[in-house]
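If you read the protein sequences in the order shown, they are chains G and L. This note's numbering puts the first residue of the first sequence at 14, with every later residue one more than the last. This note's numbering puts the first residue of the second sequence at 354, with every later residue one more than the last.
I should point out that these hints are in silico values taken from the structure, not numbers from a laboratory. Treat the hints loosely; a few may be bogus.
What the simulated footprint calls covered on chain L by chain G, stretch by stretch (three residues with Cβ under 8 Å from a Cβ of chain G suffice, anywhere in the stretch; the number is not a length) [to be verified]: (1) 421–428; (2) 495–501.
No more than 27 Å apart at the CA atoms, straight line, and that leaves these computed lysine-lysine pairs for DSS-like [unchecked claim]: (3) L:K401 / G:K198; (4) G:K180 / G:K121; (5) G:K156 / G:K143; (6) L:K401 / G:K216; (7) G:K61 / G:K219.
Reference listing, derived: stretches of chain L covered by chain G, where coverage requires no fewer than 3 residues with Cβ under 8 Å from a Cβ of chain G [what the hints assert, rightly or not]: (8) 387–401; (9) 407–417; (10) 447–453.
Remember, it's a predicted structure, so these values are computed and weren't measured experimentally. Glycine residues also receive a C-beta, built at the ideal position from the N, C-alpha and C atoms.
Chain by chain, the residues run as shown.
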Amino acid sequence: MDRLTRVILSAVLVLAACVASFLLARGTRKPFSSEAPAYRSQGPADAKVTIVEFSDFECPACRVAEAPMRALLKLYDGKVRLVFKHFPLERMHRWARASAVAAECAGKQGKFWEYHHELYDNQQEWSSEKAEERFTAYAKKLKLDDAAWQACRKDPAANDAVSADAKDGLNAWVGSTPTFFINGKRFVGAMQLAERGSLWVDKELKK
Amino acid sequence: MSFKIPPAVGLAARLIVGGVLVYAGATKAAGPSEEFAIVIGSYDLMSKDMVLTAATFLPWAELLIGWALILGFQLRVAAAAAGALFAAFLFALINVKAKGIELPNCGCFGDAIHFTPVQALLFDSFLVSLCFLAWRSAPASWSLDSWAEGGYTGLTHGK
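My request is simple: use the sequences and hints to build the entire structure.
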């Protein structure tokens, strides 16, 4: 074997190692469910475009992403379905899980989106102090059945629902919030959603 | 400078640097490039249009350089490229500190390991010095370069 052949074989070996390690890492990806209870979705069930949002109520970037998301839903009213999935970043946000459970229990009474808006619109208020008091105040404002709502918050089922969503997020390699999947295409953060989200929705609607 | 690097030290240096690059590259290449793009974008060093492209190709560059170091292919070039890559990361981290930008993590290993910028700064400095040792150790035994030249590989003799 001459020198050139050996060099070429060496290069092929290096490239093969690159591809093999990529495939090995890729193999650790797991399937995830983009489904959620009906109260956590809005828009027609048979919409051509489904947006799955992984979000954390205490995350400031998620609050920032609310404006482009609401604008997008308004623009494509009736054509797009939004599914909300909890992804509480508990290492960073003390009230992330508690707020997710509170919203989940509002959802059981058909007021998930109203509670969702309260949490994002007043994020700075409750995330800085008196979170528990504020959560209860929002529930009262929305006229939730307080006893049922409180009982739901203590029920492990609500906590489990949040954990199941978080697991789906991990399986989907969600590393930061908010992360959106528009018909499977990933957009991370408000900027990617605002800059490229509607272009992708248009493309999907034309299919 | 004319000091000689003991072969075992050179081998260890290139295996460590190569291993780090392969791990970092594979986790990022297999993961979503949009996620890595957010981290690159937060360094505020390139235009928005470039960010997603860089997030797609940078992990593959890390993989290529990492395996070239581990297998000892074009060792001098690979060690210099690795050194340049880590020096660029160092520059980016220092730039971030100087501008007062708060990074949640350095993004070095995708979502697998989260280093704070200061930890990343120390780690990158260590790796740059290992790149120098790997570069100085070339041409090395136990390498594809050595096999291609028909020399001693540590396993067998060539010609």
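Verification of the hints:
{"no.": "1", "hint": "421–428", "verdict": "holds (count 4)"}
{"no.": "2", "hint": "495–501", "verdict": "holds (count 4)"}
{"no.": "3", "hint": "L:K401 / G:K198", "verdict": "19 Å, holds"}
{"no.": "4", "hint": "G:K180 / G:K121", "verdict": "21 Å, holds"}
{"no.": "5", "hint": "G:K156 / G:K143", "verdict": "20 Å, holds"}
{"no.": "6", "hint": "L:K401 / G:K216", "verdict": "21 Å, holds"}
{"no.": "7", "hint": "G:K61 / G:K219", "verdict": "9 Å, holds"}
{"no.": "8", "hint": "387–401", "verdict": "holds (count 6)"}
{"no.": "9", "hint": "407–417", "verdict": "holds (count 3)"}
{"no.": "10", "hint": "447–453", "verdict": "violated (count 0)"}
Consistency with the previously given hints fails for number 10 only.
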